[in-house]
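There are 2 protein chains.
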Amino acid sequence: MNTRKRIIIVGATGTMGKYLATALESEHEIVRVATKSGDYEVDITSTDAIEKFYKEVGEFDALISTAGPTFVGPWKNLTDKEFRKGVEGKMMGQINLVLIGQHYINPKGSFTLITGALTHEPQINFANASAANGAVEGFVRAAAIELQNGIRINAVSPTVIENSPHYFPYFPGEIPTTMKQLEFGFKKSLFGAVTGQIIKP
Amino acid sequence: MNTRKRIIIVGATGTMGKYLATALESEHEIVRVATKSGDYEVDITSTDAIEKFYKEVGEFDALISTAGPTFVGPWKNLTDKEFRKGVEGKMMGQINLVLIGQHYINPKGSFTLITGALTHEPQINFANASAANGAVEGFVRAAAIELQNGIRINAVSPTVIENSPHYFPYFPGEIPTTMKQLEFGFKKSLFGAVTGQIIKP
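Same order as they appear, the protein sequences are chains X and F.
Counting with numbering that gives the first Met the number 0, you get residues 0 to 200 for the letters of the first sequence.
Counting with numbering that gives the first Met the number 0, you get residues 0 to 200 for the letters of the second sequence.
Don't take each hint at face value.
Because identical chains share one entry, a pair is satisfied inside a single copy or across any pair of copies.
[Said to hold, decoys possible] Calculated lysine-lysine pairs in the DSSO-like style (CA-CA distance at most 27 Å, straight line): (1) K75 to K107; (2) K107 to K54; (3) K75 to K51; (4) K17 to K75; (5) K80 to K54; (6) K4 to K186.
No wet-lab data here; the hints were simulated from the structure.
Chain X extracted, bound-state conformation (with noise of 0.2 Å):
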């Protein structure tokens, strides 16, 4: 039913990224994108490395991102300097993915971000995640209101993810979202006809 698109996935070689390309490459083609190995290496925490990506890949319906780089540690060595990691990576990486991207992205295409509970439920040692998830879902429903020729933006925001269990004991009493739930999350994004929402898969 979903006609074959050309999907970009950032953060490709993230235990996330990995699972969203095997599950979406029998039927659509994947554009794989990591800081490190990937179809493409793309820092995206610099403007100019996002320019210059969008230019070479060419036409594209969809984005997806699962970057989400983010300081987690002690509240007590938590400053401004440590602040940046999730302010320049998973906030303004991927929203300056979005302002960028508008340009290059085909008519009626759609990106779809990844925040995640914390933004509502805080765990010890995250809080440059909430502020971060935050940002992106603000981001996202203003966003929805004011890009234009049918262009969608929507997040996905899981809890701790069913692959990762090595994150489990920071998560007391998270359910966590198993890898299939994460991918029907995007997938409503990608081929639904939803925009501005935070998806909670």
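Please build the complex by placing chain F on the supplied structure of chain X, with the hints as guidance.
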């Protein structure tokens, strides 16, 4: 009923800050902070300036911030460069007031930051504020579970405010927050026991 407190108001020369200073000064000692004029001139985009201010100001029981510089303007002009206005101002400016200020505030003190309805109710031209608000709100919830010594943190989230009628045309459908509602929102944070809350006055 409320014990006399020493309250720092950041953004004291703005519409909200001036009103709150007047509303609180009969019962409390107010320290007015602004970029220009006030008891202290502090550029909150500089962590050095914030640190220097706290060293000078001495003991205090509460800090309330109404300082929210963001980029307001057409989406087509919105790039990383413009976006930084809200990132450095309303977002990191306020976050750094807390990350640094926690080491200076009295035990059982409180921080009250400013966000706004744009977090969840976007309007054309205000994507930068939506993102900055979302970041501050995520941070507030996370900081509330990390702060020690009974220190509390909340945000007040008004919509367009009564005393800024020049903004009304940009907020169709928003019933303005009255100055009295705003004052009561801040008082709930200042004199109540809540923490980690986004107070919609």
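Outcome of the hint check:
no.: 1; hint: K75 to K107; verdict: between (45 Å within a copy, 18 Å between copies)
no.: 2; hint: K107 to K54; verdict: within (19 Å within a copy, 54 Å between copies)
no.: 3; hint: K75 to K51; verdict: between (38 Å within a copy, 20 Å between copies)
no.: 4; hint: K17 to K75; verdict: neither (34 Å within a copy, 34 Å between copies)
no.: 5; hint: K80 to K54; verdict: between (32 Å within a copy, 20 Å between copies)
no.: 6; hint: K4 to K186; verdict: within (12 Å within a copy, 53 Å between copies)
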